[in-house]
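*Asks:* With the sequences and hints as input, model every part of the structure.
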Amino acid sequence: MSVNKEFVKFDKVDKSYDGKVLVVKDLQLDIAEGEFITMLGPSGSGKTTCLMMLAGFETPTNGEIYLDGNAISSIPPHKRGIGMVFQNYALFPHMTVYENLAFPLRVRKIPKDEADKKIDKALSMVSLQGFAQRMPGQLSGGQQQRVAVARSLVFDPQLVLMDEPLGALDKNLRESMQYEIKHIHESIGVTVVYVTHDQSEALTMSNRIAVFNDGKVQQLSSPDELYEKPVNSFVAEFIGENNTFAGEVSDISGGKCKVKLASADILANPISVKGKGERTTVSLRPERALINPSDKMDNIHKGKIEEVIYHGDHTRVRINLLGNSEFILKVPNSSSNLDIKLGNEIKIGWNSEDARALDPK
Amino acid sequence: MSSETKQILTTDGIPLEVSLKKAEKKNKIKAFLLVAPLLLFIIITYVFPIGDMLMRSVDDKMVTEMLPKTFKSMEKWDGQDLPPEEVFEAFYFDFKKLIEEEREGKLSTQLNYTKNGFKSIIKKLRRKSKSFEEGNYKEQIMSVHRRWADVEYWRAIKRRAPAYTYQKYLKGIDMYENEKGEIINVPEDRRVHRILWMRTLEIAFFVTVFCFLMAYPIAHLLATLPMKYSNLLMICVLLPFWTSLLVRTASWMILLQQQGIVNDFFVMIGLVSDDNRLEMMFNKTGSYVAMTQILLPFMVLPLYSVMKTISPSLMRAGKSLGGTPFVAFWKVYFPLTIPGIGAGCLLVFILAIGYYITPALVGGASGTLISNQIAFHMKSTLDWSFASAMGLMLLSGVLVIYWLYNKLVGIDNIKLG
Chain A
1 MSVNKEFVKF DKVDKSYDGK VLVVKDLQLD IAEGEFITML GPSGSGKTTC
51 LMMLAGFETP TNGEIYLDGN AISSIPPHKR GIGMVFQNYA LFPHMTVYEN
101 LAFPLRVRKI PKDEADKKID KALSMVSLQG FAQRMPGQLS GGQQQRVAVA
151 RSLVFDPQLV LMDEPLGALD KNLRESMQYE IKHIHESIGV TVVYVTHDQS
201 EALTMSNRIA VFNDGKVQQL SSPDELYEKP VNSFVAEFIG ENNTFAGEVS
251 DISGGKCKVK LASADILANP ISVKGKGERT TVSLRPERAL INPSDKMDNI
301 HKGKIEEVIY HGDHTRVRIN LLGNSEFILK VPNSSSNLDI KLGNEIKIGW
351 NSEDARALDP K
Chain B
1 MSSETKQILT TDGIPLEVSL KKAEKKNKIK AFLLVAPLLL FIIITYVFPI
51 GDMLMRSVDD KMVTEMLPKT FKSMEKWDGQ DLPPEEVFEA FYFDFKKLIE
101 EEREGKLSTQ LNYTKNGFKS IIKKLRRKSK SFEEGNYKEQ IMSVHRRWAD
151 VEYWRAIKRR APAYTYQKYL KGIDMYENEK GEIINVPEDR RVHRILWMRT
201 LEIAFFVTVF CFLMAYPIAH LLATLPMKYS NLLMICVLLP FWTSLLVRTA
251 SWMILLQQQG IVNDFFVMIG LVSDDNRLEM MFNKTGSYVA MTQILLPFMV
301 LPLYSVMKTI SPSLMRAGKS LGGTPFVAFW KVYFPLTIPG IGAGCLLVFI
351 LAIGYYITPA LVGGASGTLI SNQIAFHMKS TLDWSFASAM GLMLLSGVLV
401 IYWLYNKLVG IDNIKLG
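From first to last, the protein sequence lines are chains A and B.
All residue numbers for the first sequence refer to my numbering, where the first residue is 1 and numbers rise by one.
All residue numbers for the second sequence refer to my numbering, where the first residue is 1 and numbers rise by one.
Everything labelled a hint here was simulated from the structure, so no lab data went into it.
Only a predicted model underlies this, so the values are computations on that prediction, with no experimental measurement involved.
The beta-carbon is built from N, C-alpha and C at its ideal position, and this holds for glycine as well.
No incorrect hints appear here.
Within a straight-line C-alpha distance of at most 30 angstroms, the following computed DSS-like cross-link-like pairs (lysine-lysine) qualify:
1. 228/B to 20/A
2. 331/B to 121/A
3. 331/B to 109/A
4. 118/A to 331/B
5. 106/B to 69/B
6. 331/B to 117/A
7. 112/A to 331/B
8. 79/A to 308/B
9. 119/B to 97/B
10. 347/A to 302/A
11. 331/B to 79/A
12. 25/A to 228/B
Example chain B residues on the side facing chain A (calculated, C-beta under 10 angstroms, incomplete):
13. 311
14. 316
15. 317
16. 327
17. 331
18. 332
19. 335
20. 336
21. 338
*Replies:* Take a look at the structure:
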């Protein structure tokens with residue numbers, strides 16, 4: 001059985017609310033069956049709008065959305081058969097947990113004994129057996145969230161949409177829920193489209209991530225690729241921590257380029273620069289730069305330590321390097337022998353391959 | 001458990017409860033002083049008048065005090081035949097004293113309430129009694145008018161002996177206590193109050209229904225429209241609120257009369273012919289229309305305040321789970337608005353049941369309510385005790401509705417804002 005690569009397809013979708021500004025611009029996105037895809041972006045980037053169009057609560061201004069090969073723009077939400085988890089859970093407060101879960105089954109006229117089996121299964125999936133007769137108001141936030149997840153899955157939809165479902169939970173609960181949702185996805189193989197503005201959530205849960213900004217998908221790739229190989233400076237800035245140098249390409253040859261900064265030249269990996277004289281932003285992950293590099297690195301510069309912040313498992317060091325006073329280094333806690341003290345001058349090195357020369361900001 | 005019975009002490013050794021009371025005493029006094037003016041105001045303007053009303057509605061002391069000797073001598077009279085001479089004698093002296101104090105007119109009014117025909121014979125007795133001779137008062141009084149020789153009238157006087165009575169309440173539901181002490185209905189052609197009670201309930205009920213039907217969509221629109229439109233709509237809802245009740249009622253009179261705008265419009269579009277214009281005023285229709293419009297905000301506001309708190313994602317959740325828009329509305333949205341519906345309906349019904357000005361102006365004869373009857377007795381017949389009795393019956397009716405509502409819906413489920 002081959003997996004449908006275009007289970008959900010956004011085809012040249014535009015969306016505008018006021019006829020003046022496009023919230024979503026020419027969206028082209030394919031989602032494979034069984035995939036966990038996350039739409040990640042700052043607020044106002046159009047990700048929730050995309051989700052609402054898929055759910056049927058907003059209509060595309062232009063273009064078409066296909067679900068399993070069928071155009072769905074003219075199908076009302078209740079006939080799409082898409083499960084959805086809302087930001088504030090949207091549990092029906094006047095119904096018990098059981099009734100909440102029974103709602104989608106009752107409207108589908110599923111016999112009671114069969115429905116009861118499905119409800120039991122869904123509740124055990126989120127480990128909430130025995131909570132069926134509680135009212136949502138008697139549950140904690142995490143439990144309500146699990147009920148919402150169970151409710152979106154109880155009628156066996158092929159596609160589940162989640163709109164920032166963990167936004168209201170505290171940090172620890174959020175992390176454990178991330179794993180729980182990921183495991184549920186893995187065990188039942190449903191297609192999930194997940195919206196969040198929390199990048200760590202996106203990185204831990206998804207098969208693929210679509211980074212939204214300004215109504216456009218900036219990059220669509222797997223979490224590791226997104227982190228290691230951002231294609232533009234927005235993605236590099238938005239995902240994880242990032243050190244940047246703004247400069248001008250002075251030479252480009254052999255898969256390397258020389259970038260002229262105010263005080264020195266650095267070598268970088270040309271990603272979106274083509275020729276000499278172009279402005280560029282060089283992006284470097286903090287963990288790719290080392291203190292007192294032992295092996296041969298093609299970028300080694302001296303910087304002055306401006307701030308040291310203890311973080312438990314690691315120490316963050318802010319360094320003034322080549323005119324950038326916001327250069328961050330992460331030093332693992334085990335390397336306490338290093339001479340990290342405020343005001344010290346230290347040598348910093350990195351490989352030109354890890355320094356990606358992207359579009360200028 | 002021992003920990004429950006053991007007294008907890010503070011570090012200074014004072015029992016915790018005592019210490020807490022001491023610490024909070026000042027705040028309690030402050031709080032009481034803050035509410036004291038309002039409490040006093042409520043006692044003076046609400047508790048006292050209602051207490052006074054209650055007293056008035058059962059008070060029958062007036063006649064008791066006017067004829068003290070008569071009632072004392074009547075104690076031995078069995079009420080079968082005409083009372084003995086001593087009753088007549090006592091009555092004569094009581095009456096003489098009343099004439100001196102010029103209070104015999106009041107007596108005749110009071111006795112006339114009990115039985116028609118007292119007014120003229122008391123007037124006559126007053127004239128004739130000046131020339132009465134001492135002794136044998138029975139003969140002399142009986143010769144004044146033949147009704148004085150009728151035992152029925154003496155029984156009527158005796159019925160006024162007790163200082164308290166529930167007659168006014170019986171009268172309020174078209175019943176009375178006859179000479180034998182049986183409680184019976186008044187003749188069919190004189191049962192006015194029951195019709196009024198039924199009409200009051202009917203109009204209040206339908207006005208509540210109409211208000212609900214009209215307010216629900218408006219409130220929903222208010223709660224879901226974007227701010228800039230909902231503010232405008234809110235002003236439209238509240239604008240009538242800020243206009244005088246009298247002005248609004250008067251404008252309905254202009255609209256609804258036979259030569260009014262609504263009739264003109266109907267004639268213009270050919271709905272009715274010019275010589276057959278609709279009668280929409282001075283009948284029930286007038287009361288329905290005007291009261292529904294005037295009470296509408298009282299339904300809209302509680303509904304709106306409840307609907308505002310219902311997250312739009314609930315309806316979306318209902319739809320995404322497969323419910324048609326109607327199912328999502330009926331199973332999800334509607335049950336959540338019940339507290340607002342309860343509050344609105346209770347408010348409108350209770351206001352409608354005691355409505356006065358509007359039915360008085362546009363209700364005509366067939367559209368007046370019980371409150372108009374109360375006002376009539378307050379102002380025209382001056383039978384304040386009857387008015388009080390009906391007022392209290394209305395009040396207890398409202399309390400019964402409140403109690404029923406509490407039983408059915410639960411007062412905790414009410415949400416006014």
